[in-house]
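Now for the letters of each chain:
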Amino acid sequence: MNKTILLTDIIDFLGNEILAVHGNPEGIEIRHLSDPHNVDEFTLDWINPLRPDKQNIAKKSKARAIIADPETSYDENLSAQNKVLIIVDKPKLAIAKIGNAFFVKKPKPGIHTTAVIHPEAIIGKDAYIGPNVTIGKCKIGDCAIIHNGVTIADGVETGNQVVIKPGAVLGHEGFGFGRLEDGSLIKFPQLGKLIIYDKVEIGSNTCIDKGSLSDTIIGKGTKINNLCHIAHNVVVGKNVIITAQVNVSGSTIIEDNVWIAPNASLRGHQKIGKGATIGTGAVVTKNVPAGETWVGNPAKKLEK
Amino acid sequence: MNKTILLTDIIDFLGNEILAVHGNPEGIEIRHLSDPHNVDEFTLDWINPLRPDKQNIAKKSKARAIIADPETSYDENLSAQNKVLIIVDKPKLAIAKIGNAFFVKKPKPGIHTTAVIHPEAIIGKDAYIGPNVTIGKCKIGDCAIIHNGVTIADGVETGNQVVIKPGAVLGHEGFGFGRLEDGSLIKFPQLGKLIIYDKVEIGSNTCIDKGSLSDTIIGKGTKINNLCHIAHNVVVGKNVIITAQVNVSGSTIIEDNVWIAPNASLRGHQKIGKGATIGTGAVVTKNVPAGETWVGNPAKKLEK
Amino acid sequence: MNKTILLTDIIDFLGNEILAVHGNPEGIEIRHLSDPHNVDEFTLDWINPLRPDKQNIAKKSKARAIIADPETSYDENLSAQNKVLIIVDKPKLAIAKIGNAFFVKKPKPGIHTTAVIHPEAIIGKDAYIGPNVTIGKCKIGDCAIIHNGVTIADGVETGNQVVIKPGAVLGHEGFGFGRLEDGSLIKFPQLGKLIIYDKVEIGSNTCIDKGSLSDTIIGKGTKINNLCHIAHNVVVGKNVIITAQVNVSGSTIIEDNVWIAPNASLRGHQKIGKGATIGTGAVVTKNVPAGETWVGNPAKKLEK
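Chains as they are written, first to last, in my numbering: chain A, 19 to 322; chain B, 19 to 322; chain C, 19 to 322.
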C-alpha cells in the first residue's frame with residue numbers, strides 16, 4: 019500500500035455514483051484506505067451510515083478526504099480544515115470499489131514453471147496458475163486465478179474469472195463406502211464431475227469432491243472460504259456465501275443467496291432454501307425453508 | 019467415462035454373483051453407470067431394492083441393461099423393449115464392483131520427478147507417488163497411491179494398498195505443551211511413530227500426528243475423509259469410517275467398525291466402543307459403549 | 019530414537035533442577051523416553067506426581083533410570099535393583115526438556131531448491147525453508163522453521179523462532195463480501211498485513227488471513243494446531259493455545275494465556291478475556307470474561 023493515488027483519479031473512477039464533492043480535491047494524494055487505528059493525511063476515510071455521530075467523525079478524522087452518505091454535511095468546521103467530503107449513497111461499497119480498482123494487486127496472467135498440468139487440459143486465456151499447482155485433464159475458464167499448491171483433478175470444469183486459493187483440492191474422489199459382511203469396506207465408484215461456474219471463489223485448503231455418478235455443482239458468483247468440505251453430488255446455487263470450515267455432506271442442495279456461518283454442518287440429502295441463513299456451528303439435519311434462519315445443534319428455526 | 023465396455027464382459031466379470039440374465043446381452047455397449055439424471059441407451063442402470071416401484075422403474079428406464087434384485091421380474095414389457103435384466107442379490111454392490119473394475123482410473127505406478135523423498139525412505143513396489151509429495155525417512159508399503167502434495171514425515175510406516183489424497187500431512191509432530199510459571203509454553207517432545215495398516219484411505223488435507231512417546235495407529239481397512247485431525251497417540255481400529263472434518267484428540271481409542279459423522283469432535287483419552295455411531299457435529303466428552311449412537315453437544319446416547 | 023545418550027550427560031544437562039541423584043548413573047545408556055507400553059533397560063522413565071502408587075511404579079519399572087518428584091524415595095528395593103532415581107520438582111517438565119534437547123530432530127538451516135521465494139522477501143538468518151514452500155514479498159525472522167508446502171503471502175511479517183508446519187497458508191486475502199442489489203457479491207479489499215511475533219507455532223494446513231484494512235496479529239509464544247482458521251483482523255495475545263480445527267471469525271480479540279479446545283468457533287467482533295478456557299466444539303457468540311470457562315452451543319459459562 020505504498021502506492022500514491024490522486025484523489026481526482028478516484029473521483030473520476032466513481033463517476034456517477036458521486037452525489038456531491040465538497041471542498042477542493044486537487045493535489046490531494048491517497049496512499050491507503052481507512053483503517054480505524056491508523057488514519058493520517060494520506061488516508062481516504064469513510065463513515066459508516068449506521069453511526070449516530072457522523073458529523074463528529076468527519077470533524078475529527080485526520081484524513082483530508084472522506085466518503086460519507088448524504089446525512090453528513092459539509093459544515094464550516096470541515097471547510098475550515100480544508101477537508102474534501104465526497105457524498106455517495108453507499109460509502110462502504112464505494113470504498114470497496116476503490117480498493118479493488120486501485121489498491122488490490124492481482125497476479126499477472128501466466129503459468130508458473132513448477133505447475134504440473136495434464137497435456138490435454140484446456141486452460142482459458144489470461145489465466146494465472148501459480149507454483150506447484152497440479153491440474154488434471156480438465157477445462158479451466160478465462161481469467162482464472164489459481165494460486166500455488168492447488169489441486170484440480172481430472173474432470174473439473176470451471177467458468178471464467180474463478181479464484182482458487184492455495185492448497186484447495188478440487189474434483190477428487192468423494193467418500194462413499196459400503197460395508198461387506200466381513201466388516202470390510204468397498205468403495206463406491208466416484209465417476210462424476212465437478213462443475214464450477216463463473217466468478218466463484220474458493221478458499222485455501224478447501225476440498226470439493228466430484229460427483230459419484232452425477233455431478234457436484236457450484237453456482238455462479240458463489241464464494242467459499244477456507245477449510246470447507248463440499249461432498250459429492252452437492253449442488254450449490256448462485257451467490258451463496260459459505261464461510262470457513264463449513265461441511266456440506268453428499269447430495270445436499272443449497273439454493274441461491276444462502277449464507278452459511280462458520281463451522282456449520284449440513285447433513286446429506288437436505289435442501290437449504292433460497293436466502294436462508296445458517297448460524298455458526300449449526301448442525302442442520304433437516305430441510306431449511308427459504309429465508310429462514312436456523313441455529314444450534316441440532317439446528318432449529320430462530321424465531322426473531 | 020467415454021470408454022465403451024461390452025455388457026457381456028461385465029456379465030463375465032460378475033460371474034457367480036449373477037442369479038439370472040434375462041434378454042440377450044450380445045452387442046450391448048455400456049459407457050456409464052446409472053446417474054438418475056442422465057440415463058441413456060449406453061447406461062448400465064440399477065434399481066435400489068428399497069424402492070417400492072421397482073417394476074415401473076425397470077419399465078421406464080432409458081437404459082437397455084438393468085441390474086436389479088430378485089423381486090424384479092422380466093415381464094412382457096421389458097421383453098418387448100428388448101431390455102436385459104441382470105438379477106443379483108445386492109445390485110448396489112454389483113454396481114460398485116463394476117465401477118471399480120471397469121470405470122475408475124487408477125494412477126500408474128511410478129514416482130513423479132518433483133517428489134522429494136528421503137534417501138533412506140523405503141518405498142514398496144508398484145507405488146504411485148505424485149507431484150510435489152514430500153516423504154521423510156519412512157516405510158511405504160506396496161501398491162500405495164500417494165497423491166500430489168502429500169507430506170509423510172520421518173517415522174511413518176504404512177501397510178500395503180494405502181491411498182493418501184492430496185495435501186494430507188502424516189506423521190508430523192503432535193500438539194502438546196506445558197505452561198511454565200511465566201506463562202510461556204514448552205513443547206513436550208513428540209518422538210513416537212505413525213503406523214498405518216493395509217488398505218487405509220486418508221482424505222485430502224487431513225492431518226494425522228505421530229505419537230508423543232507411544233505411537234499413533236490407524237487400523238486395517240479404515241477410511242478417513244477430508245480435513246480431519248487425528249492427534250498424537252490415537253489408536254483407530256479396523257474398518258472404521260471417519261467422515262469429513264472430524265477431530266480426534268490425543269490418546270483416544272476408536273474400536274473396529276465405528277462410524278463417525280462429519281464435524282464430530284472426540285475429546286482426548288476416551289474410548290469409542292466397537293461399532294458405535296457418532297452423529298454429525300457431536301461433541302463426545304465421555305466413553306461411548308459399543309454399538310451405541312451418540313449425538314449432540316455434549317453428546318448423549320440417542321434412544322431409539 | 020536409535021540414538022544412545024549417556025545418563026550422566028542428561029544429569030549434567032538438568033544441572034540445578036536436580037534435587038538428588040540416588041544410585042550410580044555411570045555407564046547407563048538411554049535410548050528412549052518413557053512410553054508406558056514400551057519400557058526397557060534403555061528407557062529413561064518418569065513418574066507422574068499425581069499417581070498414588072509412585073513407589074510401586076518405581077519398583078516395577080523395567081527402566082534402570084527414573085525421574086520422580088521428592089515424594090518418591092530411594093528404598094532398599096530400588097537400591098537392590100541398582101536403579102538410578104533422579105529427584106526433581108517437576109518430572110514431566112524435566113522429561114520435556116531432555117526430549118527437546120537430546121531426542122527431537124530439528125531441520126538444519128537452509129532453503130530447499132524447490133522453494134519459490136519473492137526476490138524482495140527478507141529471510142532471517144539460520145532459517146529452514148522446506149520443499150515447495152511459496153513465500154511472497156515479506157519478512158521472515160531468524161531461526162524460522164518453515165516446513166514443506168507452506169504458503170506465506172505478500173505482507174506477512176514474522177518474529178524469530180517461528181515454526182510453520184506443512185500446508186499452512188498465511189497472509190492470504192480474508193473473506194469479506196457485500197451483496198449488491200442484484201444478489202451478486204462484491205469483495206471488500208483486503209489490504210492489511212499478518213504480523214506474527216516470536217516463538218509462534220502454526221499447525222499443518224491452518225489458514226490465517228491478513229487484515230482487511232488493519233492487521234491480523236498473532237502474539238508472542240502463541241501455539242496454533244492443525245486445520246484452524248483465523249480470519250482477518252483477529253488479534254491473538256501471548257501464549258495462547260488454539261487447538262485443532264478452531265475457527266476464529268473476523269476482528270475477534272483473544273487475550274493472553276487463553277486456551278481454546280478443538281473445533282470451537284468464535285463469532286467475529288468478540289473478546290475472549292485473559293486466561294479464559296473455551297470447551298471442545300463450543301460456539302462462542304458473546305464476549306467471554308477473563309478466567310472463565312465457556313462450553314456448549316451456544317456457549318455458556320461453566321459453573322463449577
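Just so you know, these hints were derived from the structure itself, not from any lab. Bear in mind that the values here come from a model prediction, so they are computed numbers and not experimental data. One or more of the hints may lead you astray.
Any copy, or any two copies together, can satisfy a pair, since identical chains are not distinguished.
[Said to hold, decoys possible] Here are the simulated BS3-like pairs of lysine-lysine, each with C-alpha atoms no more than 30 Å apart in a straight line:
1) K124 to K157
2) K143 to K155
3) K319 to K123
4) K289 to K72
5) K110 to K322
6) K304 to K319
7) K211 to K318
8) K155 to K21
9) K322 to K77
10) K318 to K289
Hint-by-hint comparison with the structure:
1. For the homomeric pair K124 and K157, the shortest alpha-carbon distances inside one copy (22 Å) and between copies (20 Å) are both at most 30 Å.
2. For the homomeric pair K143 and K155, the shortest alpha-carbon distances inside one copy (17 Å) and between copies (26 Å) are both at most 30 Å.
3. In this assembly of identical chains, the alpha carbons of K319 and K123 never lie at most 30 Å apart, being 41 Å within a copy and 44 Å across copies at closest.
4. For a Cα distance limit of 30 Å, the shortest separation of K289 from K72 across copies, 26 Å, qualifies, whereas the shortest one inside one copy, 43 Å, does not.
5. Only within a single protomer do K110 and K322 lie at most 30 Å apart by alpha-carbon distance; the minimum there is 27 Å, versus 45 Å between protomers.
6. Taking the shortest alpha-carbon separations for K304 and K319, both the intra-copy value of 11 Å and the inter-copy value of 20 Å come in at or below 30 Å.
7. Neither within a single protomer nor between protomers do K211 and K318 lie at most 30 Å apart by alpha-carbon distance, with minima of 33 Å and 38 Å respectively.
8. For a Cα distance limit of 30 Å, the shortest separation of K155 from K21 across copies, 15 Å, qualifies, whereas the shortest one inside one copy, 40 Å, does not.
9. Taking the shortest Cα distances, K322 and K77 never come within 30 Å of each other, neither inside one copy (38 Å) nor across copies (50 Å).
10. In this homomeric assembly, K318 and K289 come within 30 Å of each other (Cα to Cα) both inside a single copy, at 14 Å, and across copies, at 26 Å.
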